[in-house]
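There are 2 protein chains.
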Amino acid sequence: MPQACPAPSPQEGMTYVGIDTLQEQTRLKALRRGYSFNLMVVGRSGLGKSTLVNTLFKSSVTRRKAGEHEPLPSTTEVRQVSASLNEGGVRLSLTVTDTPGFGDHINNENCWEPIVSYIEDQYSRYLTEEQKVDRLLHIPDTRVHCCLYFIPPTGHSLSSLDVEVLRRLDKVVNVVPVIAKADTLTLDERMTYKERIRADLSDHGIKVYPPPQELSKDTEDTDTHLQDHAKIRERLPFAVVGSTTWHDVPGRKVLGRRCSWGLVEVENKSHNDFAYLRDMLIRTNMQDLIDSTAERHYENYRRTKLSAKTPTVNGQDAVDTKEINSSKM
Amino acid sequence: MPQACPAPSPQEGMTYVGIDTLQEQTRLKALRRGYSFNLMVVGRSGLGKSTLVNTLFKSSVTRRKAGEHEPLPSTTEVRQVSASLNEGGVRLSLTVTDTPGFGDHINNENCWEPIVSYIEDQYSRYLTEEQKVDRLLHIPDTRVHCCLYFIPPTGHSLSSLDVEVLRRLDKVVNVVPVIAKADTLTLDERMTYKERIRADLSDHGIKVYPPPQELSKDTEDTDTHLQDHAKIRERLPFAVVGSTTWHDVPGRKVLGRRCSWGLVEVENKSHNDFAYLRDMLIRTNMQDLIDSTAERHYENYRRTKLSAKTPTVNGQDAVDTKEINSSKM
Numbered sequence: 001m002p003q004a005c006p007a008p009s010p011q012e013g014m015t016y017v018g019i020d021t022l023q024e025q026t027r028l029k030a031l032r033r034g035y036s037f038n039l040m041v042v043g044r045s046g047l048g049k050s051t052l053v054n055t056l057f058k059s060s061v062t063r064r065k066a067g068e069h070e071p072l073p074s075t076t077e078v079r080q081v082s083a084s085l086n087e088g089g090v091r092l093s094l095t096v097t098d099t100p101g102f103g104d105h106i107n108n109e110n111c112w113e114p115i116v117s118y119i120e121d122q123y124s125r126y127l128t129e130e131q132k133v134d135r136l137l138h139i140p141d142t143r144v145h146c147c148l149y150f151i152p153p154t155g156h157s158l159s160s161l162d163v164e165v166l167r168r169l170d171k172v173v174n175v176v177p178v179i180a181k182a183d184t185l186t187l188d189e190r191m192t193y194k195e196r197i198r199a200d201l202s203d204h205g206i207k208v209y210p211p212p213q214e215l216s217k218d219t220e221d222t223d224t225h226l227q228d229h230a231k232i233r234e235r236l237p238f239a240v241v242g243s244t245t246w247h248d249v250p251g252r253k254v255l256g257r258r259c260s261w262g263l264v265e266v267e268n269k270s271h272n273d274f275a276y277l278r279d280m281l282i283r284t285n286m287q288d289l290i291d292s293t294a295e296r297h298y299e300n301y302r303r304t305k306l307s308a309k310t311p312t313v314n315g316q317d318a319v320d321t322k323e324i325n326s327s328k329m
Numbered sequence: 001m002p003q004a005c006p007a008p009s010p011q012e013g014m015t016y017v018g019i020d021t022l023q024e025q026t027r028l029k030a031l032r033r034g035y036s037f038n039l040m041v042v043g044r045s046g047l048g049k050s051t052l053v054n055t056l057f058k059s060s061v062t063r064r065k066a067g068e069h070e071p072l073p074s075t076t077e078v079r080q081v082s083a084s085l086n087e088g089g090v091r092l093s094l095t096v097t098d099t100p101g102f103g104d105h106i107n108n109e110n111c112w113e114p115i116v117s118y119i120e121d122q123y124s125r126y127l128t129e130e131q132k133v134d135r136l137l138h139i140p141d142t143r144v145h146c147c148l149y150f151i152p153p154t155g156h157s158l159s160s161l162d163v164e165v166l167r168r169l170d171k172v173v174n175v176v177p178v179i180a181k182a183d184t185l186t187l188d189e190r191m192t193y194k195e196r197i198r199a200d201l202s203d204h205g206i207k208v209y210p211p212p213q214e215l216s217k218d219t220e221d222t223d224t225h226l227q228d229h230a231k232i233r234e235r236l237p238f239a240v241v242g243s244t245t246w247h248d249v250p251g252r253k254v255l256g257r258r259c260s261w262g263l264v265e266v267e268n269k270s271h272n273d274f275a276y277l278r279d280m281l282i283r284t285n286m287q288d289l290i291d292s293t294a295e296r297h298y299e300n301y302r303r304t305k306l307s308a309k310t311p312t313v314n315g316q317d318a319v320d321t322k323e324i325n326s327s328k329m
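Which chain is which? The protein sequence lines are A and B, in order. Take the first sequence: its position 304, counted from the start at 1, is 304 in this note's numbering, and no numbers get skipped. Take the second sequence: its position 130, counted from the start at 1, is 130 in this note's numbering, and no numbers get skipped.
Keep in mind that a hint or two might mislead.
If chains are identical, the list can't say which one is meant, so a pair holds when it fits in one copy or spans any two.
In silico lysine to aspartate or glutamate, DMTMM-like type, Cα no more than 20 Å apart, as pairs [what the hints assert, rightly or not]: (1) Lys-171 - Glu-120; (2) Lys-207 - Glu-234; (3) Lys-171 - Asp-223; (4) Lys-231 - Asp-121; (5) Lys-207 - Glu-129; (6) Lys-309 - Glu-267; (7) Lys-305 - Asp-279.
Keep in mind the hints are simulated off the structure, nothing from the lab.
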């Protein structure tokens, strides 16, 4: 009888169970679901925010076309553009949030408030849905997973505006600082400027992404993972150059900015940090940015909101409770 | 200047962004986190529940060693055994829940109650943790992801006990029915018995796993996914044979049961459905079993619990509310 039966495949022999297929099951599930990533760019106008985002995703994912101008909004506005990207069968729904008007006025007091409000509104929407009795199977994730903060290439130090904004943003979102238009700085100037900014960040207690080891609460982080993060931290802030123009160099085409004295290649790691930023943001840490937004920033928001409510709910006055509930949600 | 710089690797050329690396990021994250799967076995004693589980995972993951006997508990008990498995670097923390005493008495009224309570207790623990202000980053998942229900190989139809139990279990957990010790049935008997059981299940409105298309609420399900489920449904209930004894056949070793008239090979798809059950449970649908427990059964439980509370919370009597809250959680 055994001769008539088909022989099992080699891997089915003896002790193979099939636990390793779980990786493939997880991969297929993620493929079916697709990914969504929400990126915010904050910085004064003219620092190349749109160009950098378009260079990162090699598509036009910003509000305006190059060269197009629009009147300056009187306060900071928050605007989104969404795009669906697909590479190798992996679907990414990308939302880029721009903040026109930020820092562009004579008096920039509180110009960060619309930005912080927007970020917290997304947490609030998520929390409201999560707490519903009849909630959605997959809550749409509009939470901002990463905020690229553009520092002007002055070569001096962080401005008071930068400090005030960063101190507020780092509490609510993963902030990745970048030095914009870094081709205006020589390599020496760039190194000194980076050191100065790192000192400024540390002096003002500003925690950028990736967080240092002691802040990482996730017990699942392995040593390799933490070492990778430490390596990225050494390179912060990324000194970047963006460009969507292709140039011919012998044997290939590159994205770059050609001047009479030479060609700055965007993706050349010895010219600027663009490739390091792109690798971190897309190729190594995108999933971690999404997870840490949910596990660190959203949980902080949720804890604060619910702690603020709890004493009142247990308190004496039922009417007060209701009012607080409705105004906070 | 360009000549001096290292050439980018081919894949970095031109328009490659790196979105497809998200799959690898998800895979690495799942590897770091590991998987946990909770399996429950329900059925009268002597149907080979422990043997089947040990055959499935090719390890000893049950409470007792073969041949060991213990006194019959006076009511149904619920007991767990946990094991850590590792294959190809993928870690699986497996918990097998056994229900000794189920259906073994003269009067089996309510013998399913400890089982349903246990399943709901796990949902309740999860809900309590999920609603805490200061909740755990990763809530330990003790929810039962799959319940293998063992039908005796009588060749007749479902007993009233089977019907009563299955009607209650299918509301709270993914139930996969199996015909135990299927080597006692000829192929013809097996086919007729399967048809009869499918008719019984349908007559009593019992919904086993995988659910038919109209019950699948997940909008992310693709056609292929639903077709795979339909194919599995055609084969239900799985007629299985378990064995942890290796036998020599020409050229290889197989798990099986040797009798004087022949050798039943456990993993031979033309001898019995063990390999189909193993493939579904471990190699294709384990992730789906975990997800549908969270998305279908846990959400049902949560909705019922929270709906039951809501009117009382808005009601007049504050003291009543507190009492109900504490007794329900």
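Outcome of the hint check:
no.	hint	in the structure
1	Lys-171 - Glu-120	within (11 Å within a copy, 38 Å between copies)
2	Lys-207 - Glu-234	within (14 Å within a copy, 56 Å between copies)
3	Lys-171 - Asp-223	neither (25 Å within a copy, 43 Å between copies)
4	Lys-231 - Asp-121	neither (33 Å within a copy, 45 Å between copies)
5	Lys-207 - Glu-129	neither (29 Å within a copy, 29 Å between copies)
6	Lys-309 - Glu-267	neither (49 Å within a copy, 58 Å between copies)
7	Lys-305 - Asp-279	neither (35 Å within a copy, 45 Å between copies)
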